[in-house]
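Make the full structure from the sequences, and use the hints.
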Amino acid sequence: MRPESLMILAALLVSLAGAVWLAASLDAHWQQLRGREAAASPRQVALLRGLGATAWLFALLLCCRADHASMAVLVWIMSISAASCAAAFLLAWRPRAVAWLLAWA
Amino acid sequence: MFPSFRLAMSWLHTWFGLVLGYLLIVIFFFGSLSVFDREFDRWAIPDTRFAAQPLPSYDRMLAPIFARMTPEADELEAARGRVKAPLPETLKPLNWSAYTTHRDPVVGLYAEYAVPGNPDDPEDHVHGHVTVDPRNGRLLRDDQLKIGSEFFYPMHIGLHITWKNLGYWIVGLAALVMLAALVSGVVIHRHLFREFFTFRPQKHIQRSTLDLHNLTGVVALPFHFFFALTGLTIFAAMYLPVSESMLKPQATAAAMAEAQQKHLPYAAAGVPAPLASVDAMVSEAKRRWAAHDMAGEVGYLYISHPGDRNSYVTIYRGGSDRVALLGQAIHFEGTTGRVLYEEPQPSAVAKVNEFLTGLHLQQFEHWALRWFYLFGGLTGCACIATGFLFFVEKRKRKHAAQGHAGARWADAMAVTTVTGMLVAALAILVANRLLPEDLPLRGDWEKRTFWAAWLLSFAHAAWRCRPMRQGLPSPAWFEQCCIVATLAFAAVALNGVTTGDHLVKTLFIERYWPVASVDLALLAVGLLAAGVARRLRLRRSVPEVHVRTANAEQAHAS
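Protein chains in written order, with my numbering: chain A, 1 to 105; chain B, 1 to 558.
There could be a bad hint or two in this list.
Claimed, not checked - With a straight-line cut-off of 25 Å between C-alpha atoms, the simulated SDA-like cross-links for lysine to any residue are:
no.: 1; chain 1: B; residue 1: Lys164; chain 2: B; residue 2: Pro122
no.: 2; chain 1: B; residue 1: Lys203; chain 2: A; residue 2: Asp27
no.: 3; chain 1: B; residue 1: Lys262; chain 2: B; residue 2: Leu94
no.: 4; chain 1: B; residue 1: Lys351; chain 2: A; residue 2: Ile77
no.: 5; chain 1: B; residue 1: Lys505; chain 2: A; residue 2: Arg2
no.: 6; chain 1: B; residue 1: Lys203; chain 2: B; residue 2: His189
no.: 7; chain 1: B; residue 1: Lys447; chain 2: B; residue 2: Ala493
no.: 8; chain 1: B; residue 1: Lys394; chain 2: B; residue 2: Arg534
no.: 9; chain 1: B; residue 1: Lys203; chain 2: A; residue 2: Leu33
no.: 10; chain 1: B; residue 1: Lys351; chain 2: A; residue 2: Leu61
no.: 11; chain 1: B; residue 1: Lys394; chain 2: A; residue 2: Ala92
no.: 12; chain 1: B; residue 1: Lys447; chain 2: B; residue 2: His160
no.: 13; chain 1: B; residue 1: Lys203; chain 2: A; residue 2: Ala28
no.: 14; chain 1: B; residue 1: Lys203; chain 2: A; residue 2: Ala39
no.: 15; chain 1: B; residue 1: Lys203; chain 2: A; residue 2: Pro95
no.: 16; chain 1: B; residue 1: Lys203; chain 2: A; residue 2: Trp30
no.: 17; chain 1: B; residue 1: Lys203; chain 2: A; residue 2: Ala97
no.: 18; chain 1: B; residue 1: Lys394; chain 2: B; residue 2: Pro3
no.: 19; chain 1: B; residue 1: Lys203; chain 2: A; residue 2: Ala92
no.: 20; chain 1: B; residue 1: Lys394; chain 2: A; residue 2: Phe89
no.: 21; chain 1: B; residue 1: Lys351; chain 2: A; residue 2: His68
Claimed, not checked - Some residues of chain A that are not near chain B, with every Cβ distance over 10 Å (derived):
no.: 22; residue: Leu60
no.: 23; residue: Leu61
no.: 24; residue: Ala103
Read the hints as simulated data drawn from the structure, not as lab findings. All C-beta atoms in this analysis are idealised placements derived from N, C-alpha and C, irrespective of residue type, glycine included.
See the structure below:
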């Protein structure tokens, strides 16, 4: 695989992790990942949102490394879209597959 | 009329979304397929299944082909009706051009010919077009249909309604309504951020349908918004033709002034003169691009007034590494090959315009983005389709109880534009592989199969909607899913049998992605349709027990 393609694949995976963290900062999805009774503390929520936003920004950096800036912005926006959609389906159908992203919390 | 702004927006979203949605889903779907138009072309015309080629030599290969080209017979026939005196035996070419992209094994040649003696339009002209195999200069049969770029793509931009450009206007109107639907959709969405990632498949069908509608609409919102917007700006000059109507004298004067500033002759001199070596101009253009650190291939070659003393040649760089379509044009004097004018870097405004046009027309070389666009387009289709389902689901029992036909027709139309459209698109591919190879006007028969299949699926949907009178789901969904699965698998099998390019070969032996990816996508469609059909049959065997929950959620969901 060409290094640019690897970079874009990495951007997509980082966007997916970011989407899962951002989703986990919402009560409904935290419960999907952690079981019915759990609720995230305000500190955890802030941390999750910070992590999610950082991941999405990092994905933008990866896209910029792979392509001309005008192209990179398009790739980044679409990779966030695709990752958010994938996160929603994973949380609904296979929450265990992404629960490890919250192992630290 | 409405007690609140939100209710007004909700009304707008519901009714405009429903009525124009039937159009929008067609535009979205064929737009999504157009992302891979060249790949469908390869699938449909097995003779052209070879690697993409750069523009061949003009002097040795293209010049004699251009000289032999003639106007399209049907356009010539129509032009005869517009002029007073009979047309001359041969028409004078106004310009010749050649267009290729990094995905094209074959190159398209285009010509415009002056039609003299039209009292209503001194600039009246007709077109000529051929497709060339650049490896040997052989012309492709012109009755073969490039299903991607000559059928799916025109469907996307104009629905194949060519009368007075009506199709473009309808698509423009749909794009405008799309923007309104997006804005009103955001207004009526109660929890845009809180439910950003929300999909609850275990809840009642009406709730999970709305979840999917919101999810597919919201996550790809920037895509939907920018594609509707840029779709409109690309055709802005056609929708608001000020330079053709109100400001025609000023526009003509501006065009002449611009030509003069660039030292480009505006009109033919009427004095014949031979063209200098175009290949030499091409190498000069490539040298200049490389000097600007933008080495590249020719994307578009344009020759104005060929064979005239005032001819000039414009060479555009193929924009495969930029979002902008084509650029860095260099103009040459036709008779000498001297550089007349090199276009400077575009202004900031022109750059934005090129970016917006280029992002929609996507001729760049970026496979990841291409697949992302397919994803964006298909989320649009999913968003519209779930919108239909929600509309019907919300009303079907009430309408059944009242004896209303509204929900029944909305559902039949939804079947036609969701599964029916898939049936039609697959039918044209199957017909492409089944029709005899030497059938005259083969492409026209393929088109007829497409329209016939679509019409039949509508008839089927209308005929089978009877159970909806009792508030039950229409069996047409299940039946058409089965047809979709059958046709998709049949198309893959037929491609393997009739051309020998089966997936084992295109993936592992002689790798050829254009055909392999169409086959893989067809397999995915077939599996998905079979999966949906299975679920629908399971659902049909379970009696409807959720009526009360549905009513309880209705208040919440609306």
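Hints versus structure:
no.: 1; hint: Lys164(B) <-> Pro122(B); verdict: holds, 19 Å
no.: 2; hint: Lys203(B) <-> Asp27(A); verdict: holds, 18 Å
no.: 3; hint: Lys262(B) <-> Leu94(B); verdict: holds, 19 Å
no.: 4; hint: Lys351(B) <-> Ile77(A); verdict: holds, 20 Å
no.: 5; hint: Lys505(B) <-> Arg2(A); verdict: holds, 24 Å
no.: 6; hint: Lys203(B) <-> His189(B); verdict: holds, 19 Å
no.: 7; hint: Lys447(B) <-> Ala493(B); verdict: holds, 21 Å
no.: 8; hint: Lys394(B) <-> Arg534(B); verdict: holds, 24 Å
no.: 9; hint: Lys203(B) <-> Leu33(A); verdict: holds, 18 Å
no.: 10; hint: Lys351(B) <-> Leu61(A); verdict: holds, 23 Å
no.: 11; hint: Lys394(B) <-> Ala92(A); verdict: holds, 23 Å
no.: 12; hint: Lys447(B) <-> His160(B); verdict: holds, 11 Å
no.: 13; hint: Lys203(B) <-> Ala28(A); verdict: holds, 14 Å
no.: 14; hint: Lys203(B) <-> Ala39(A); verdict: holds, 22 Å
no.: 15; hint: Lys203(B) <-> Pro95(A); verdict: holds, 17 Å
no.: 16; hint: Lys203(B) <-> Trp30(A); verdict: holds, 18 Å
no.: 17; hint: Lys203(B) <-> Ala97(A); verdict: holds, 22 Å
no.: 18; hint: Lys394(B) <-> Pro3(B); verdict: holds, 22 Å
no.: 19; hint: Lys203(B) <-> Ala92(A); verdict: holds, 11 Å
no.: 20; hint: Lys394(B) <-> Phe89(A); verdict: holds, 24 Å
no.: 21; hint: Lys351(B) <-> His68(A); verdict: holds, 14 Å
no.: 22; hint: Leu60; verdict: holds, 14 Å
no.: 23; hint: Leu61; verdict: holds, 16 Å
no.: 24; hint: Ala103; verdict: holds, 20 Å
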